[in-house]
Amino acid sequence: MGIDVGVRSFILLVEEPSAREVRLRQVLEDAGYTVRCVPASSESLPLSDEAQLVVLALGPPGGAGRELLPRLAQQEASGEGAPLLVIVPEEEPEVMRAALRLGVEAMCQPVDEQELLARLERCLLVRERRQQIGARVATLERLSITDGLTQVHNHRYFQERLREEFRRAQRYDDPLSLILLDLDHFKDFNDEHGHLVGDAVLRDVAAAIQRSVRETDLLARYGGEEFAILLPRTPLAGALTVAERVWRELNALRSGPDGSLLVTASLGVSGFPHHAINSPEQLVRTADQALYRAKGEGRNRICLQDWPLLATPAR
1 MGIDVGVRSF
11 ILLVEEPSAR
21 EVRLRQVLED
31 AGYTVRCVPA
41 SSESLPLSDE
51 AQLVVLALGP
61 PGGAGRELLP
71 RLAQQEASGE
81 GAPLLVIVPE
91 EEPEVMRAAL
101 RLGVEAMCQP
111 VDEQELLARL
121 ERCLLVRERR
131 QQIGARVATL
141 ERLSITDGLT
151 QVHNHRYFQE
161 RLREEFRRAQ
171 RYDDPLSLIL
181 LDLDHFKDFN
191 DEHGHLVGDA
201 VLRDVAAAIQ
211 RSVRETDLLA
221 RYGGEEFAIL
231 LPRTPLAGAL
241 TVAERVWREL
251 NALRSGPDGS
261 LLVTASLGVS
271 GFPHHAINSP
281 EQLVRTADQA
291 LYRAKGEGRN
301 RICLQDWPLL
311 ATPAR
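In the working numbering, the protein residues as written are 1 to 315.
Simulated from the structure, these hints should not be mistaken for laboratory data. Using N, Cα and C, we set each Cβ at its ideal position, and we do this for glycine too. It cannot be assumed that every hint is accurate.
To be verified - Beta-carbon label-pair distances, calculated as ranges:
{"#": "1", "residue 1": "R23", "residue 2": "R97", "range": "23 to 29 angstroms"}
{"#": "2", "residue 1": "R248", "residue 2": "H195", "range": "38 to 44 angstroms"}
{"#": "3", "residue 1": "G134", "residue 2": "E113", "range": "30 to 36 angstroms"}
Please model the complete structure; the sequences and the hints are all you need to start from.
Laid out in C-alpha coordinates, this is it:
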(Lines of atoms letter the chains of each structure in order from A and count residues from 1; the text may use other names and numbers.)
(Lines give C-alpha, C1' and ligand atoms only; values in the text may rest on other atoms or scores of the structure.)
Protein backbone atom coordinates (compact mmCIF):
# COMPACT_ATOMS: atom_id res chain seq x y z
CA MET A 1 0.00 0.00 0.00
CA GLY A 2 1.36 3.42 -0.96
CA ILE A 3 1.50 6.49 1.23
CA ASP A 4 -1.40 8.91 1.04
CA VAL A 5 -0.05 11.86 -0.94
CA GLY A 6 -2.67 14.03 0.72
CA VAL A 7 -0.41 14.29 3.77
CA ARG A 8 2.46 15.61 1.68
CA SER A 9 3.22 19.26 1.22
CA PHE A 10 5.49 19.49 -1.77
CA ILE A 11 8.63 18.21 -3.40
CA LEU A 12 11.50 20.58 -3.93
CA LEU A 13 12.80 19.64 -7.38
CA VAL A 14 16.32 20.93 -7.87
CA GLU A 15 17.43 20.32 -11.42
CA GLU A 16 20.14 21.12 -13.88
CA PRO A 17 19.20 22.10 -17.43
CA SER A 18 18.18 18.91 -19.15
CA ALA A 19 15.42 18.19 -21.62
CA ARG A 20 15.06 14.72 -20.10
CA GLU A 21 13.68 16.25 -16.88
CA VAL A 22 10.76 18.07 -18.49
CA ARG A 23 8.79 14.85 -18.00
CA LEU A 24 9.98 14.44 -14.39
CA ARG A 25 7.86 17.26 -13.00
CA GLN A 26 4.80 15.96 -14.79
CA VAL A 27 5.30 12.45 -13.35
CA LEU A 28 5.50 13.86 -9.81
CA GLU A 29 2.44 16.08 -10.22
CA ASP A 30 0.43 13.24 -11.76
CA ALA A 31 1.27 11.19 -8.65
CA GLY A 32 -0.30 13.87 -6.45
CA TYR A 33 2.75 15.80 -5.35
CA THR A 34 2.95 19.56 -5.37
CA VAL A 35 6.23 20.37 -7.05
CA ARG A 36 8.38 23.46 -6.64
CA CYS A 37 11.19 23.69 -9.17
CA VAL A 38 14.42 25.62 -8.70
CA PRO A 39 17.57 25.50 -10.82
CA ALA A 40 20.63 23.91 -9.23
CA SER A 41 22.53 27.09 -10.01
CA SER A 42 20.16 29.27 -8.00
CA GLU A 43 21.93 31.42 -5.41
CA SER A 44 18.75 31.60 -3.30
CA LEU A 45 18.08 27.87 -3.02
CA PRO A 46 15.45 27.32 -0.29
CA LEU A 47 16.42 25.28 2.73
CA SER A 48 15.40 21.69 2.17
CA ASP A 49 13.43 21.55 5.43
CA GLU A 50 10.75 23.62 3.69
CA ALA A 51 9.81 20.50 1.68
CA GLN A 52 8.89 16.98 2.64
CA LEU A 53 11.10 15.58 -0.10
CA VAL A 54 13.97 16.91 -2.17
CA VAL A 55 14.78 15.56 -5.60
CA LEU A 56 18.15 16.58 -7.04
CA ALA A 57 18.16 15.86 -10.78
CA LEU A 58 21.66 16.04 -12.24
CA GLY A 59 22.29 16.86 -15.86
CA PRO A 60 25.44 16.26 -17.92
CA PRO A 61 28.78 16.02 -16.06
CA GLY A 62 30.14 19.23 -14.57
CA GLY A 63 26.86 20.80 -13.51
CA ALA A 64 26.27 22.84 -10.36
CA GLY A 65 24.18 20.11 -8.74
CA ARG A 66 27.25 18.11 -7.82
CA GLU A 67 28.32 20.87 -5.44
CA LEU A 68 24.85 20.88 -3.88
CA LEU A 69 24.85 17.15 -3.21
CA PRO A 70 27.03 17.20 -0.04
CA ARG A 71 25.15 20.20 1.34
CA LEU A 72 21.71 18.64 0.90
CA ALA A 73 22.96 15.31 2.20
CA GLN A 74 24.34 17.05 5.28
CA GLN A 75 20.99 18.75 5.91
CA GLU A 76 19.23 15.39 5.73
CA ALA A 77 21.76 13.65 7.99
CA SER A 78 21.56 16.39 10.62
CA GLY A 79 17.77 16.34 10.67
CA GLU A 80 17.59 19.90 9.40
CA GLY A 81 16.48 18.93 5.92
CA ALA A 82 14.08 16.62 4.12
CA PRO A 83 15.00 13.20 2.70
CA LEU A 84 16.98 13.52 -0.52
CA LEU A 85 16.70 11.54 -3.75
CA VAL A 86 19.46 12.07 -6.31
CA ILE A 87 18.93 11.24 -9.97
CA VAL A 88 22.31 10.61 -11.58
CA PRO A 89 23.21 10.30 -15.29
CA GLU A 90 23.99 6.66 -16.03
CA GLU A 91 27.39 7.64 -17.43
CA GLU A 92 28.51 8.86 -13.98
CA PRO A 93 28.66 5.79 -11.72
CA GLU A 94 31.18 7.56 -9.49
CA VAL A 95 28.55 10.18 -8.59
CA MET A 96 26.10 7.40 -7.81
CA ARG A 97 28.65 5.80 -5.48
CA ALA A 98 29.36 9.18 -3.85
CA ALA A 99 25.64 9.69 -3.20
CA LEU A 100 25.32 6.25 -1.63
CA ARG A 101 28.33 6.89 0.58
CA LEU A 102 26.61 10.08 1.79
CA GLY A 103 23.64 7.93 2.82
CA VAL A 104 21.05 9.34 0.42
CA GLU A 105 18.66 7.61 -1.93
CA ALA A 106 19.92 7.53 -5.54
CA MET A 107 18.83 6.22 -8.94
CA CYS A 108 20.02 6.44 -12.53
CA GLN A 109 18.73 8.18 -15.59
CA PRO A 110 16.82 7.50 -17.71
CA VAL A 111 14.20 7.41 -14.97
CA ASP A 112 11.81 4.49 -14.59
CA GLU A 113 8.61 6.18 -13.41
CA GLN A 114 7.43 3.36 -11.14
CA GLU A 115 10.86 3.03 -9.56
CA LEU A 116 10.93 6.78 -8.97
CA LEU A 117 7.59 6.76 -7.17
CA ALA A 118 8.58 3.71 -5.11
CA ARG A 119 11.81 5.37 -4.00
CA LEU A 120 9.94 8.55 -3.10
CA GLU A 121 7.53 6.54 -0.97
CA ARG A 122 10.52 4.97 0.75
CA CYS A 123 11.90 8.45 1.44
CA LEU A 124 8.58 9.44 2.96
CA LEU A 125 8.64 6.39 5.22
CA VAL A 126 12.14 7.31 6.36
CA ARG A 127 10.97 10.84 7.14
CA GLU A 128 7.94 9.58 9.04
CA ARG A 129 10.05 7.18 11.12
CA ARG A 130 12.57 9.88 11.91
CA GLN A 131 9.79 12.17 13.09
CA GLN A 132 8.36 9.42 15.27
CA ILE A 133 11.78 8.71 16.78
CA GLY A 134 12.33 12.44 17.31
CA ALA A 135 8.99 12.73 19.10
CA ARG A 136 9.83 9.78 21.34
CA VAL A 137 13.24 11.21 22.15
CA ALA A 138 11.69 14.58 22.98
CA THR A 139 9.18 12.87 25.29
CA LEU A 140 11.92 10.89 27.04
CA GLU A 141 14.03 14.02 27.44
CA ARG A 142 11.09 15.86 28.97
CA LEU A 143 10.34 12.98 31.34
CA SER A 144 13.99 12.75 32.38
CA ILE A 145 13.99 16.34 33.67
CA THR A 146 10.47 16.41 35.13
CA ASP A 147 9.29 15.50 38.62
CA GLY A 148 6.58 12.90 38.15
CA LEU A 149 4.31 14.15 40.95
CA THR A 150 4.38 17.92 40.54
CA GLN A 151 5.33 18.16 36.83
CA VAL A 152 7.96 20.83 37.53
CA HIS A 153 11.65 20.22 36.95
CA ASN A 154 13.35 17.57 39.05
CA HIS A 155 16.36 17.80 41.34
CA ARG A 156 18.83 16.40 38.80
CA TYR A 157 17.91 18.99 36.18
CA PHE A 158 18.07 21.74 38.77
CA GLN A 159 21.63 20.76 39.67
CA GLU A 160 22.66 20.77 36.00
CA ARG A 161 21.15 24.19 35.37
CA LEU A 162 22.56 25.56 38.63
CA ARG A 163 26.10 24.68 37.54
CA GLU A 164 25.53 26.10 34.05
CA GLU A 165 24.03 29.36 35.30
CA PHE A 166 26.69 29.82 37.97
CA ARG A 167 29.47 29.43 35.39
CA ARG A 168 27.69 31.93 33.15
CA ALA A 169 27.25 34.38 36.03
CA GLN A 170 30.94 34.14 36.92
CA ARG A 171 32.07 34.52 33.32
CA TYR A 172 29.91 37.54 32.47
CA ASP A 173 29.72 39.05 35.96
CA ASP A 174 25.94 38.61 36.00
CA PRO A 175 23.83 38.36 39.16
CA LEU A 176 22.31 34.99 40.00
CA SER A 177 19.82 34.35 42.80
CA LEU A 178 18.29 31.29 44.40
CA ILE A 179 15.13 30.80 46.48
CA LEU A 180 14.68 27.66 48.56
CA LEU A 181 11.14 27.06 49.79
CA ASP A 182 9.97 24.50 52.33
CA LEU A 183 6.36 23.87 53.33
CA ASP A 184 5.73 24.31 57.04
CA HIS A 185 4.78 21.29 59.21
CA PHE A 186 4.17 19.15 56.15
CA LYS A 187 4.91 15.88 57.97
CA ASP A 188 2.14 16.64 60.47
CA PHE A 189 -0.03 17.55 57.50
CA ASN A 190 0.59 14.14 55.90
CA ASP A 191 0.01 12.32 59.17
CA GLU A 192 -3.35 14.03 59.67
CA HIS A 193 -4.76 13.98 56.16
CA GLY A 194 -2.91 11.11 54.47
CA HIS A 195 -0.34 10.95 51.73
CA LEU A 196 -2.82 11.08 48.84
CA VAL A 197 -4.08 14.42 50.05
CA GLY A 198 -0.49 15.46 50.71
CA ASP A 199 0.42 14.64 47.12
CA ALA A 200 -2.50 16.71 45.87
CA VAL A 201 -1.36 19.62 48.01
CA LEU A 202 2.17 19.36 46.59
CA ARG A 203 0.74 19.54 43.08
CA ASP A 204 -1.32 22.59 44.00
CA VAL A 205 1.70 24.24 45.60
CA ALA A 206 3.87 23.59 42.54
CA ALA A 207 1.19 25.08 40.27
CA ALA A 208 0.86 28.13 42.53
CA ILE A 209 4.61 28.72 42.53
CA GLN A 210 4.75 28.29 38.77
CA ARG A 211 2.11 30.98 38.37
CA SER A 212 4.18 33.32 40.51
CA VAL A 213 7.56 33.04 38.80
CA ARG A 214 8.74 34.44 35.51
CA GLU A 215 9.36 32.52 32.31
CA THR A 216 13.09 33.05 32.76
CA ASP A 217 13.06 31.50 36.26
CA LEU A 218 13.60 27.78 36.82
CA LEU A 219 11.29 26.01 39.28
CA ALA A 220 12.25 22.55 40.53
CA ARG A 221 11.17 20.16 43.22
CA TYR A 222 14.26 20.03 45.37
CA GLY A 223 13.08 17.11 47.48
CA GLY A 224 10.07 16.07 49.53
CA GLU A 225 8.12 19.25 50.27
CA GLU A 226 10.99 21.55 49.30
CA PHE A 227 11.20 23.56 46.09
CA ALA A 228 13.98 25.58 44.46
CA ILE A 229 13.63 28.63 42.23
CA LEU A 230 16.72 29.62 40.24
CA LEU A 231 16.70 33.20 38.96
CA PRO A 232 19.33 33.90 36.26
CA ARG A 233 20.50 37.51 35.81
CA THR A 234 18.52 38.54 38.88
CA PRO A 235 19.99 40.50 41.82
CA LEU A 236 18.81 39.97 45.39
CA ALA A 237 16.27 42.79 45.16
CA GLY A 238 14.61 41.12 42.18
CA ALA A 239 14.75 37.73 43.88
CA LEU A 240 13.03 39.20 46.93
CA THR A 241 10.21 40.52 44.72
CA VAL A 242 9.71 37.03 43.30
CA ALA A 243 9.88 35.46 46.78
CA GLU A 244 7.24 37.85 48.11
CA ARG A 245 4.97 37.09 45.17
CA VAL A 246 5.37 33.33 45.71
CA TRP A 247 4.81 33.69 49.46
CA ARG A 248 1.61 35.70 49.04
CA GLU A 249 0.31 33.26 46.41
CA LEU A 250 0.83 30.34 48.80
CA ASN A 251 -0.85 32.19 51.66
CA ALA A 252 -3.87 32.70 49.42
CA LEU A 253 -3.90 29.04 48.33
CA ARG A 254 -6.68 26.77 49.50
CA SER A 255 -6.00 23.12 48.81
CA GLY A 256 -7.31 19.66 49.64
CA PRO A 257 -10.42 17.76 48.49
CA ASP A 258 -12.80 20.48 49.69
CA GLY A 259 -10.47 23.46 49.24
CA SER A 260 -10.24 24.14 52.96
CA LEU A 261 -6.60 23.33 53.71
CA LEU A 262 -4.23 26.22 54.32
CA VAL A 263 -0.58 26.04 53.28
CA THR A 264 2.31 28.14 54.52
CA ALA A 265 5.97 28.04 53.59
CA SER A 266 9.33 29.36 54.72
CA LEU A 267 11.69 30.80 52.12
CA GLY A 268 15.42 31.44 52.07
CA VAL A 269 16.96 33.72 49.45
CA SER A 270 20.59 33.95 48.42
CA GLY A 271 22.45 35.67 45.62
CA PHE A 272 25.69 35.92 43.70
CA PRO A 273 27.96 37.87 43.62
CA HIS A 274 28.62 37.72 47.37
CA HIS A 275 31.85 37.54 49.32
CA ALA A 276 30.85 34.18 50.81
CA ILE A 277 29.76 32.57 47.54
CA ASN A 278 32.31 31.18 45.11
CA SER A 279 30.56 28.03 43.92
CA PRO A 280 27.09 26.66 43.16
CA GLU A 281 27.25 24.65 46.37
CA GLN A 282 27.85 27.79 48.41
CA LEU A 283 24.90 29.50 46.75
CA VAL A 284 22.69 26.60 47.82
CA ARG A 285 24.23 26.53 51.30
CA THR A 286 23.57 30.21 51.97
CA ALA A 287 19.98 29.91 50.72
CA ASP A 288 19.53 26.85 52.92
CA GLN A 289 20.91 28.73 55.92
CA ALA A 290 18.45 31.55 55.28
CA LEU A 291 15.65 28.99 55.01
CA TYR A 292 16.73 27.35 58.28
CA ARG A 293 16.68 30.74 59.97
CA ALA A 294 13.18 31.42 58.64
CA LYS A 295 12.07 28.13 60.17
CA GLY A 296 13.72 28.96 63.47
CA GLU A 297 12.18 32.40 63.70
CA GLY A 298 8.62 31.17 63.46
CA ARG A 299 8.14 29.87 59.90
CA ASN A 300 5.90 31.37 57.21
CA ARG A 301 8.40 34.08 56.39
CA ILE A 302 11.26 35.03 54.04
CA CYS A 303 14.86 35.39 55.13
CA LEU A 304 17.54 36.88 52.92
CA GLN A 305 21.04 35.50 53.55
CA ASP A 306 21.86 37.35 56.78
CA TRP A 307 18.56 38.79 58.10
CA PRO A 308 14.78 38.27 58.08
CA LEU A 309 12.87 40.41 55.65
CA LEU A 310 9.21 39.55 55.94
CA ALA A 311 7.06 38.37 58.87
CA THR A 312 3.94 36.28 58.94
CA PRO A 313 1.20 37.95 56.87
CA ALA A 314 -2.14 38.79 58.38
CA ARG A 315 -4.91 36.35 57.59
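These are the hints, each one checked on the structure:
About 26 angstroms separates the C-beta atoms of R23 and R97, a value consistent with the hinted range of 23 to 29 angstroms. Between R248 and H195 the beta carbon distance is about 28 angstroms. The supplied range of 38 to 44 angstroms is therefore violated. Between G134 and E113, the C-beta spacing of about 32 angstroms keeps the proposed range 30 to 36 angstroms intact.
Hint 2 from the earlier list is the only one contradicted by this structure; the remaining hints agree with it.
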